[in-house]
Amino acid sequence: MDIDPLMLSRIQFAFTISFHILFPAFTIGLANWIMVLEGLWLKTGRDVYRQLSEFWTKIFAISFGMGVVSGIVMSYQFGTNWSRWSDITGNVMGPLIQYEVVTAFFLEAAFLGILLFGRSKVPRGMHFFAACMVAIGTIISSFWILSSNSWLHTPAGFEIRDGRFFVTSWWEVVFNPSFPYRLAHMVTAAFLTTSFVIAGISAWYILKGRFAEYTRISFGMSLGLIAILAPLQILLGDLHGLKTMEVQPAKIAAMEGHWEGGAGAPLILFAWPDMEAEKNHYEIGIPFLSSLILTHELEGEVPGLKQFAPEDRPYVPIVFWTFRIMVGIGFLMLFVAVGFVFLSWRRRLYDSPWFHWICVAMTPAGFVAILAGWFTTEIGRQPWMVQGLLRTADGVTPSLTAGAALTSLGLFLVTYALIFTAGTYYILRLLQLGPQPHHSETTHQARQEAGRPKRPMSVPDERIEPAE
Amino acid sequence: MEWWQDLTLIWTGIVAFAIIMYVLMDGFDLGLGILFPFAGRDVDRDVMMNTVAPVWDFNETWLILGGAGLFAAFPLAYAVILPALYLPLTLMLIALIFRGVAFEFRFKAKSSRYVWDRSFHLGSLVATVVQGMALGAFIQGFTVENRAYAGGNFDWFSVFSLLTGAALVAGYALLGCTWLIWRTEGSLQEWAYKLSKPLFLAVIGFIALVSIWTPLANQTIADRWFSWPNILYLSPVPILTAALALLYWRAINKRYEVQPFALSMGLFILSFAGLAVSLWPNVIPPNISIWDAASPPETQEFLLVGMAFLIPTIVVYTIYSYYVFRGKIGEDVGYH
Numbered sequence: 001m002d003i004d005p006l007m008l009s010r011i012q013f014a015f016t017i018s019f020h021i022l023f024p025a026f027t028i029g030l031a032n033w034i035m036v037l038e039g040l041w042l043k044t045g046r047d048v049y050r051q052l053s054e055f056w057t058k059i060f061a062i063s064f065g066m067g068v069v070s071g072i073v074m075s076y077q078f079g080t081n082w083s084r085w086s087d088i089t090g091n092v093m094g095p096l097i098q099y100e101v102v103t104a105f106f107l108e109a110a111f112l113g114i115l116l117f118g119r120s121k122v123p124r125g126m127h128f129f130a131a132c133m134v135a136i137g138t139i140i141s142s143f144w145i146l147s148s149n150s151w152l153h154t155p156a157g158f159e160i161r162d163g164r165f166f167v168t169s170w171w172e173v174v175f176n177p178s179f180p181y182r183l184a185h186m187v188t189a190a191f192l193t194t195s196f197v198i199a200g201i202s203a204w205y206i207l208k209g210r211f212a213e214y215t216r217i218s219f220g221m222s223l224g225l226i227a228i229l230a231p232l233q234i235l236l237g238d239l240h241g242l243k244t245m246e247v248q249p250a251k252i253a254a255m256e257g258h259w260e261g262g263a264g265a266p267l268i269l270f271a272w273p274d275m276e277a278e279k280n281h282y283e284i285g286i287p288f289l290s291s292l293i294l295t296h297e298l299e300g301e302v303p304g305l306k307q308f309a310p311e312d313r314p315y316v317p318i319v320f321w322t323f324r325i326m327v328g329i330g331f332l333m334l335f336v337a338v339g340f341v342f343l344s345w346r347r348r349l350y351d352s353p354w355f356h357w358i359c360v361a362m363t364p365a366g367f368v369a370i371l372a373g374w375f376t377t378e379i380g381r382q383p384w385m386v387q388g389l390l391r392t393a394d395g396v397t398p399s400l401t402a403g404a405a406l407t408s409l410g411l412f413l414v415t416y417a418l419i420f421t422a423g424t425y426y427i428l429r430l431l432q433l434g435p436q437p438h439h440s441e442t443t444h445q446a447r448q449e450a451g452r453p454k455r456p457m458s459v460p461d462e463r464i465e466p467a468e
Numbered sequence: 469m470e471w472w473q474d475l476t477l478i479w480t481g482i483v484a485f486a487i488i489m490y491v492l493m494d495g496f497d498l499g500l501g502i503l504f505p506f507a508g509r510d511v512d513r514d515v516m517m518n519t520v521a522p523v524w525d526f527n528e529t530w531l532i533l534g535g536a537g538l539f540a541a542f543p544l545a546y547a548v549i550l551p552a553l554y555l556p557l558t559l560m561l562i563a564l565i566f567r568g569v570a571f572e573f574r575f576k577a578k579s580s581r582y583v584w585d586r587s588f589h590l591g592s593l594v595a596t597v598v599q600g601m602a603l604g605a606f607i608q609g610f611t612v613e614n615r616a617y618a619g620g621n622f623d624w625f626s627v628f629s630l631l632t633g634a635a636l637v638a639g640y641a642l643l644g645c646t647w648l649i650w651r652t653e654g655s656l657q658e659w660a661y662k663l664s665k666p667l668f669l670a671v672i673g674f675i676a677l678v679s680i681w682t683p684l685a686n687q688t689i690a691d692r693w694f695s696w697p698n699i700l701y702l703s704p705v706p707i708l709t710a711a712l713a714l715l716y717w718r719a720i721n722k723r724y725e726v727q728p729f730a731l732s733m734g735l736f737i738l739s740f741a742g743l744a745v746s747l748w749p750n751v752i753p754p755n756i757s758i759w760d761a762a763s764p765p766e767t768q769e770f771l772l773v774g775m776a777f778l779i780p781t782i783v784v785y786t787i788y789s790y791y792v793f794r795g796k797i798g799e800d801v802g803y804h
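Line by line, the protein sequences are chains A and B. Read left to right, the first sequence gives residues 1 to 468 (our numbering). Read left to right, the second sequence gives residues 469 to 804 (our numbering).
Bound-form chain A, shown alone (with noise of 0.2 angstroms):
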């Protein structure tokens, strides 16, 4: 593996990207949570929805800072290190983008003001109104985000002239093949990582003994959801999987570990790709099982990887192996949402110790499914940087040094570290601190009620550290 500015760039990019993932993944699920319990509040009055929401705001506040930070990164990068990509590919990913920030980027930094500040500022349905934009706004992201990721797999609707990509259709842009696969997936994914982590953390409250009138509520909503998503995520990831077959098929080859490919492969369940050698080591497998999931017939012909010319192949071992990883957390998820359904029938979901255990183990499950995912379909992408069409390798800035790109690298690795433990810890001592019951009644209706016009709403300055 050479040093070079290519080899670094793309370190940079994966490095960030994957920072940044983690964020939008765990807030696109947690502004809805956040949007259904000021629903809830706003309908039923009860005062543990309002607590509960403000507790999960304190998290969803700074998950969402660091997630507007490093996302800034990433859409200077495109220039900065993939100028050629951005310039050859301009035309059609740039509106795209644009129509990112305006629809949804603007939405969301408008209303997650009022919905951090302006409990006493507006009124209860304008502040549930709030709350919503901002949930929609991560929805409408996902879209636009996924569509001009979707692109690059599978480019539709457009033509090249002089080197570069002209656009003939934006139905057929936006609306790639790929694309309606991906965001299902992508969403579902998302809304599975925050409810795992709502899940997880109410089983240790549960087990810790505390807050039980807020952990009913959250134990069984983000269950509930989880029974619902699971397996639909799997049934999602299998139509997925097929549209990826028809589309890119090397990427397939490389996600199963086929080498012949071929009728009746079978299921390879553990092996050592080796590419050097074009085959397997320790292989473990089903036979027939493959060509089943994938054609639905016993004796159905899969892709494998001699079918490309070995410069046109993903780097198998990595993408084989994310892969499982993905597929593996799949089917714990499932295990966690059955588990569920017969708890809930025996009525023992609260007095279950084992089963709050699982779902503590699971709590970051969601992340590491979607970092896992998120490498095989970018690395099974490779060496393509618009699939079939552009090389990686000729979509980076021409006059970027080794020396430049190693300075951004370090830098964004140290500042990366440093913020994300600040933030973790921050997170978790909030979760330490668990939900608090407010000190005082003050919405913006309580106060024009009681006719005083000017009141702190919450204590200032609440520190979440111990006093020393």
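Everything labelled a hint here was simulated from the structure, so no lab data went into it. We put the beta carbon where it would ideally sit given N, CA and C, even for glycine. A couple of the hints might just be wrong.
[As the list claims (entries may be wrong)] Here are the simulated distance ranges between beta carbons:
1. A:Tyr315 / B:Asn621: 28 to 38 angstroms
2. A:Ala212 / B:Glu658: 46 to 56 angstroms
3. B:Val583 / A:Ile228: 42 to 52 angstroms
4. B:Gly620 / A:Glu301: 48 to 58 angstroms
5. A:Thr401 / B:Phe694: 14 to 24 angstroms
6. A:Gly39 / B:Gly774: 22 to 32 angstroms
Position chain B against the provided structure of chain A, taking the given hints into account.
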């Protein structure tokens, strides 16, 4: 002029609008960060942050719009300018990260609070210096070969760019200072009033320096301004600047609260207009025009359909957000 060339003009307007909005909106909250450690009391710093906590994220979104707009409407400019500014932009992004998280982390910390105070201040300062230096580098122009940047890693670093970097620090600090006059009261406002005159004199000095240096260093820009009849058409820019300066001085002396902020923004808009006049019609100085760098008509049309509705919507959001959080900020506000 062909119809698509008009389209490009509209796009130039939109990108210019995004950039000036960014400078005005994030300018004052970066300015607060620059002034941050000089405020007298810790509680003053709380208030300073609370005056912008609900809107800073919104303000910074204009930076993404500027970048995305450039990418969409002028992909060539995006592909040349960003690599040319590789190191300063990296520094700016890192600085904005430290500054942005300080808003959330500072109020959650106690023993480590000073770390986030410093992070907010240094992040704001470095981001501003680097933006100013990038502007200077932009005015000086970039080496382009074969549709790509062909200069070195440090071409952006020059005496002139150091000057524009310092100028922007003074400019943002002035915006931050006059914002405080508007949005705070008591000793903090008093302090801002005291700062408002020296900061303003520094800004006027920098505007004069840059205005003299730029045409001296660049014959094309000198011709643009000083040839007849241009000098007549362009004279409102310096005349208005002088008028605003006088109004500002009067506003401070009469202790008006809103006017100093509005007039500081006016100075920024005029400086921006002056810059636009100097560089027109280039989007990559010294010689790549907006039409050379523009994306094709089908891309610009697709975008314009949406922008026609969305940009007014964003302006409405802006007005609404600022309306919700209107009024003086005291020492008792915050969600933390």
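Looking back at the hints listed earlier, which ones does the structure fail to meet? 5
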